[in-house]
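Sequences and hints are given; from them, build the entire structure.
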Amino acid sequence: MSVLVVDGLRAYYRTSAFGVPRDVRAVDEVSFTVEAGEIYGLAGESSSGKTTLIKTIAAATQPPLEVLAGTVTFNFPTGTIEMQRAGRDTLAAIRWRHLSYIMQGSMSVLNPVRRVRHAFVDFAFRHIKQSMPRFLDTVRGHLARVQLGPDVLDAYPHQLSGGMRQRVTIALATVCRPEFIIADEPTTALDVVVQKDVLAMIREIQRELGSSILFVTHDMAVHANLADRLGIMYGGRLVEEGRTADVFRSPRHPYTAHLIASLPRLGDAAPKAGLTGAPPNLADPPTGCRFHPRCPLASDICRREVPPMTETLGHRVACFHPEPS
Amino acid sequence: MTGYPFYLLTRLGQFALVVFIGINLAFVVTHATPIDPVEQSIAASTQFGSTNPEAVEMMRQSLKELYGLQGGLWDQYAAFWRRVAVGDFGPSLSAFPTPVATLIGRALPWTVALLVVSTLLTWVLGNLLGGLAGYYRRNRALRVAGIVAMAFHPIPYYIVAFLLLIVFGYLWPVLPISGGYIMNMERDWSWAFIGSLVSHAILPVASLALVGLGGWFMGMRSLVSNIVTEDYVTYAELAGVERRRILGSYVMRNALVPQVTGLAMSLGAIFNGAIITEQVFGYPGVGTLLISAVHAGDYSLVLGITTVSILAVSAAVLLIDLAYPLLDPRVKAR
Amino acid sequence: MSALLELENVSRTYGGGLFSRRQVMAVNDVSLRLEEGRPEIFTVVGESGSGKTTLARMILNMVPPSAGTIRFQGTDLATVRAAAERLAFMRKVQPIFQNPFEAFNPMKRVDRYLFATARRMADVQGDAAITEAADAALKSVGLSLAEVRGRFPHQLSGGQLQRVAIARALISRPALLVADEPVSMIDASLRASIVNLLRELRDRNGLTIIYITHDLATAYYVSDRIIIMRRGSVVESGDARTVLDNPQHPYSQLLKSSVLSPEVPTGVSHA
Ligand SMILES: Nc1ncnc2c1ncn2[C@@H]1O[C@H](COP(=O)(O)OP(=O)(O)OP(=O)(O)O)[C@@H](O)[C@H]1O
Ligand code: SF4
Ligand SMILES: [Mg+2]
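Chains as they are written, first to last, in this note's numbering: chain W, 1 to 325; chain B, 1 to 334; chain D, 1 to 271.
Worth flagging that the hints you see were computed from the coordinates, not collected in a lab. Just to be clear, a hint being listed does not mean it is correct.
Said to hold, decoys possible - DSBU-like cross-link-like pairs, simulated, lysine-lysine; straight-line CA separation at most 30 Å:
# : chain 1 : residue 1 : chain 2 : residue 2
1 : W       : K272      : D       : K139
2 : D       : K108      : D       : K92
3 : W       : K272      : W       : K196
4 : D       : K92       : D       : K139
5 : D       : K256      : W       : K196
6 : W       : K272      : D       : K256
Okay, structure coming up:
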């Protein structure tokens with residue numbers, strides 16, 4: 001059974017400007033599953049709806065973000081939870097015990113005026129049935145796994161380097177050994193050397209705990225090195241999904257193909273063409289396939305109809321004229 | 001040097017500098033006025049009949065000594081600092097020969113008590129309600145509180161004070177409207193005396209609170225509604241941390257940092273406000289004393305009050321400043 | 001050959017002074033020389049805090065060096081002080097910043113920026129001439145005035161806006177562009193086109209470009225020469241491909257080995 005099943009999810013930012021309603025269609029008809037013990041990578045450029053999708057999955061939607069359709073279902077050992085229907089208490093019970101997060105902008109996710117220790121106590125203490133001194137011992141032991149000394153507990157966030165802070169949030173997100181971890185751009189703000197360590201650490205802990213991770217980043221190189229399967233978002237829609245190796249070696253959607261071909265590689269100075277045009281405006285997205293204004297293969301049907309998702313051997317693509325698999 | 005000791009030292013330095021400049025200004029201003037306290041005293045005590053010139057000259061000498069006006073300007077300046085150091089500002093002119101220090105000592109506790117109580121009350125209440133209103137945006141009662149606070153805020157202080165006077169002094173006379181306690185009462189710290197102190201303080205404190213609350217309320221509310229969108233708040237919410245804990249330790253705790261700075265910055269204005277309050281409610285504090293000293297041209301009393309208030313306000317600011325790093329750990333590193 | 005830009009033992013420290021505790025050597029004894037008449041993309045790579053931006057700001061004459069001299073076309077930048085001299089210098093050396101959205105005022109239409117720049121920086125007078133100068137600059141970055149006319153910054157994509165920023169920099173016909181992380185805030189799908197534009201400007205317009213980045217892969221793609229900085233000092237320098245193919249300094253080697261390749265590694269168990 002899949003740990004996470006997202007089905008037909010649609011979430012819009014519903015605002016109105018001068019009385020005229022305006023929908024930003026940030027997530028439209030997105031369906032996918034994440035299996036136990038798997039790292040599912042979600043890629044897509046800025047404003048493609050990655051963070052919105054994650055907020056919806058986490059049931060952290062606040063106005064103006066509204067879920068219009070679809071379901072998000074988690075299958076945890078303790079039971080099945082449909083996130084959009086679950087009450088506050090149900091959510092509080094699974095949060096951090098079964099479902100935790102590593103957030104985008106890790107520099108600012110720790111309370112700047114309190115010591116790191118309090119974050120662990122606030123987030124995890126109620127789930128780990130131990131006395132406070134035992135609990136703190138557990139935390140210290142866990143910090144050692146991400147190569148942090150026990151003294152970081154007494155530090156304030158600003159006293160730690162970016163890499164240390166990111167490791168603190170990784171320790172924080174894994175201390176309860178949750179089944180599912182959502183990570184939104186966890187390494188984007190880090191220097192390359194630190195980023196490589198942090199990724200290795202996430203991989204290692206994930207293997208050890210057997211958790212599933214939904215790993216979001218726009219950085220394709222990170223996906224290549226970490227994700228088992230990869231989903232590509234464009235303009236609020238999932239346009240392609242498959243095993244990471246398959247997506248990289250034989251991308252089927254023209255957008256993915258272009259994205260991967262234009263990635264700069266060390267040791268390769270051959271000219272690469274960039275994509276023309278601008279990303280879609282989600283308040284007024286193009287009709288039919290949202291990629292059609294920029295697509296070299298676009299035909300009439302692309303402009304009229306939304307391409308349905310089709311699957312061949314676990315490789316899914318939403319395109320009328322996909323590359324052969 | 002790093003950390004708190006460095007911070008402490010720079011703040012102490014700033015404090016000393018502010019006090020030094022302020023007191024110098026007081027010296028310059030009082031010495032630049034055309035009023036000569038010595039001649040004025042002599043005139044006051046000789047106006048009923050002629051005294052012999054030698055006696056007047058002796059009087060002049062001893063008065064000069066009392067006021068620290070012997071010798072050239074530099075001697076006077078040095079004498080002035082010596083006096084400031086020991087808290088001796090000479091005798092008051094209007095209440096001759098009572099020393100200025102005694103007059104101020106009598107009035108100061110009233111003002112300090114009035115200001116400490118009203119400021120703390122206003123600040124704590126305003127921030128608490130403002131914080132709650134910013135966090136529980138949909139709560140009706142808090143919305144109403146917000147509207148009331150906003151309605152009172154722009155009204156000038158003296159109008160609110162007179163409104164209170166009229167309502168509670170004449171229309172519904174349940175509270176005393178003037179003085180610090182019942183006149184001629186034995187100051188014996190009996191329950192009756194304390195009761196009279198409290199009832200006399202209610203209107204002045206209430207007037208200051210009514211006007212001050214709105215500012216803290218609205219400041220805190222907008223701070224909080226910004227802070228709730230900070231990543232660390234979202235993160236705690238995603239972690240299922242209790243709402244009350246998020247409000248207290250995450251939202252309010254961070255909003256307090258600028259509010260404490262705001263308090264330190266507004267202390268001077270609060271002190272000025274006290275002068276009007278004391279006038280309106282006939283409160284026997286430093287403000288009342290200062291006004292009468294100015295009217296009477298009581299040079300040494302004005303100088304004494306100015307010096308003491310500069311010291312008091314700067315010391316209060318210093319205290320808040322010194323507590324600040326405990327609130328915001330980041331300033332230690334800066 | 002004469003030098004376009006020459007840095008001689010340039011250092012910059014921050015801090016010190018009466019009340020501060022610690023001095024930071026942001027740039028430590030950096031020397032380099034760019035030749036006139038030999039357009040190239042000269043790349044400065046390093047991690048955050050390695051002094052790249054401080055170096056750029058000194059070259060742009062925005063902060064003075066604490067030690068050493070910087071000469072542009074033979075003139076010591078320390079002597080460029082008067083307003084007229086500064087303007088003349090700014091025409092020749094133009095910056096491009098990391099976040100195009102921060103470089104533009106969100107309330108001001110972007111074409112107005114170009115017109116103002118043409119008037120002030122390039123001394124173009126008359127509406128027709130100004131429009132023409134703006135259009136020419138936009139054409140050389142693959143846009144046209146028709147596309148951006150009347151638009152506000154948020155109505156353009158990051159890639160388009162960065163192109164407009166580059167167009168604005170080109171109006172005064174500079175000899176040197178200093179581009180500080182010009183693509184790091186731009187979407188992957190648009191990044192390649194901006195990097196290509198830098199190559200084009202070098203080859204077609206004969207511009208010399210100082211390209212500052214932390215991204216070794218794009219550095220490899222566009223650079224002629226490269227320096228690798230660490231904590232303010234240059235640890236390795238030379239022909240870009242040579243250095244990056246076969247780095248000598250341990251730090252350069254570490255940096256190179258940390259770059260994630262966008263290839264799926266074979267042998268790793270992908271479920
Ligand atoms: N509070 C909001 N109100 C209205 N629109 C919003 C809001 N937040 C995001 N959006 C819009 O929703 C769309 C998707 O944004 P989202 O943050 O999910 O993208 P993302 O893929 O996470 O981007 P990034 O890579 O920059 O993090 C964008 O068009 C964005 O402008
Ligand atoms: S559906 Fe048509 S426009 Fe869309 S990606 Fe496929 S070919 Fe291009
Ligand atoms: Mg995002």
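Status of the hints after comparison with the structure:
| no. | hint | result |
| --- | --- | --- |
| 1 | W:K272 <-> D:K139 | holds, 20 Å |
| 2 | D:K108 <-> D:K92 | holds, 25 Å |
| 3 | W:K272 <-> W:K196 | holds, 26 Å |
| 4 | D:K92 <-> D:K139 | holds, 20 Å |
| 5 | D:K256 <-> W:K196 | holds, 11 Å |
| 6 | W:K272 <-> D:K256 | holds, 22 Å |
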